[in-house]
Amino acid sequence: MKKKSFVYPIIFVAVITALYTFVLAYLNHSTAEKIEFLQDTELRRKILNVFDIPIASDDPDVIESVFNEHIHVDIASDPPIFYTTENGEIRGYAIPASGPGLWGKIDAYVGVSADYSKVFGLEFIAHSETPGLGGRISEPDFLEQFRDVDISNPVDNMYIIYRPAPGGNIDSISGATQTSKAVSDLLNAEIHEFIMGKGDD
Amino acid sequence: MAKERVSKIFKQGILNENPVLVQILGICSALAVTNLMMNSLIMGLALTFVTGISSFTISVIRQFTPKHVRMIIQVLIIAAYVIIVDIFLKAYMPEMSKALGPYVGLIITNCIIMGRAEAYAQVNPPIPSLWDGIAAGLGYTFVLLAIAFVRELMGFGTIFGMPVLGEWWTPWTIMVMPPAAFFLLAILIWVLNSKREGEVTK
Chain G
1 MKKKSFVYPI
11 IFVAVITALY
21 TFVLAYLNHS
31 TAEKIEFLQD
41 TELRRKILNV
51 FDIPIASDDP
61 DVIESVFNEH
71 IHVDIASDPP
81 IFYTTENGEI
91 RGYAIPASGP
101 GLWGKIDAYV
111 GVSADYSKVF
121 GLEFIAHSET
131 PGLGGRISEP
141 DFLEQFRDVD
151 ISNPVDNMYI
161 IYRPAPGGNI
171 DSISGATQTS
181 KAVSDLLNAE
191 IHEFIMGKGD
201 D
Chain C
1 MAKERVSKIF
11 KQGILNENPV
21 LVQILGICSA
31 LAVTNLMMNS
41 LIMGLALTFV
51 TGISSFTISV
61 IRQFTPKHVR
71 MIIQVLIIAA
81 YVIIVDIFLK
91 AYMPEMSKAL
101 GPYVGLIITN
111 CIIMGRAEAY
121 AQVNPPIPSL
131 WDGIAAGLGY
141 TFVLLAIAFV
151 RELMGFGTIF
161 GMPVLGEWWT
171 PWTIMVMPPA
181 AFFLLAILIW
191 VLNSKREGEV
201 TK
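Chains as they are written, first to last, in the working numbering: chain G, 1 to 201; chain C, 1 to 202.
There may be inaccurate statements among the hints.
[Said to hold, decoys possible] To give an idea of the chain C side of the interface with chain G (calculated C-beta under 7 Å), a few residues:
(1) 8
(2) 83
(3) 119
(4) 123
(5) 125
(6) 128
[As the list claims (entries may be wrong)] Below, a list of computed lysine-lysine pairs in the DSS-like style, where the Cα atoms sit at most 30 Å apart:
(7) C/98 / G/181
(8) C/8 / G/105
(9) G/46 / C/90
(10) C/67 / C/195
(11) G/118 / G/34
(12) C/11 / G/34
Hints in this document: simulated from the structure, not taken from any laboratory.
Since the structure is predicted, the reported quantities are computational estimates derived from the model, not experimental observations.
In this text, a Cβ means the ideal position worked out from N, Cα and C, and glycines have one as well.
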């Protein structure tokens, strides 16, 4: 029987693999532009939200025009640092913060005022924390806590501290201790590095 | 195909041979995603779609598939459909894709899909295999929703994100955390099995 031969299984697997690879590659290629546009819009929306700049609607064109009006990009660093100006002066920076989470890399943007005295806001760009537990870091209830947080008196170079520790300014997520810790660690490290780096100028 | 056969397949998949409660398959995701009803619903529907369509495909090519490479083929087919679902959601339903997050990729490792492929699709014609896959997926979805109903109601005081219990309710944090899923799933299996046992011994 043909199926028992040595070559047949190899050819069979190769043909099926090639077929599905072709289908997936085609789908990926044909949707790449659309997905990239959606992701760009999402990033713009999040950066605006980090600075708490209101957007009139969810229309991608509106988001883009508001973004271009308020936000400037410092492309010297990768990922880029965004900043916003007011009356010609820099009002604040959105600095990229990433680090290891419980399950994978967490990418975030945190808004810091130009005089480094407060945090404007926080948005997560990508993470793979457990949905419903650590994944709740990207829910409004957690994120809204980072609006206008005073960080002018860091304790041991820690700017984001969970209550009830001394100097605490944020409530962590119950049931997601590891993820909460990862988030504060990466934020503290990036904010510290940013302030120190800029301070040397 | 006779109507009675379809309804029998559905009765098997959803009740008598429920993949989670009777076959104890797909437990990991049943424990992980059931703290919110919306997550459970989306996960269930995505799994139903992938199980149905991959069972169908595996059944179509079953006569050409050499026995000893069939598992490689099954995994390949399942993974391909999951990626298609992922791409589709990202491009056309970005909101849904965000809500699902890492769940979509996890569907590949759900044992129910391969269980149905091995136990049914490999030895049955395509159309019954399709129904069988969908039935198993729905059985999984119902169990997830049942557990999520209790967990979300007691853990957050909400149903599908809508507050129903009001301010006076003190949320049970334990319900949101993994242990609650163990308790609830075990209780559900216990109740169902003690009922079934009565029937079997008759």
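| message | If you test the structure against every hint from before, which numbers come out violated? | response | Checked against the structure, the hints that fail are numbers 1, 3, 4, 5, 6, 8, 10, 11, 12, while the rest are satisfied.
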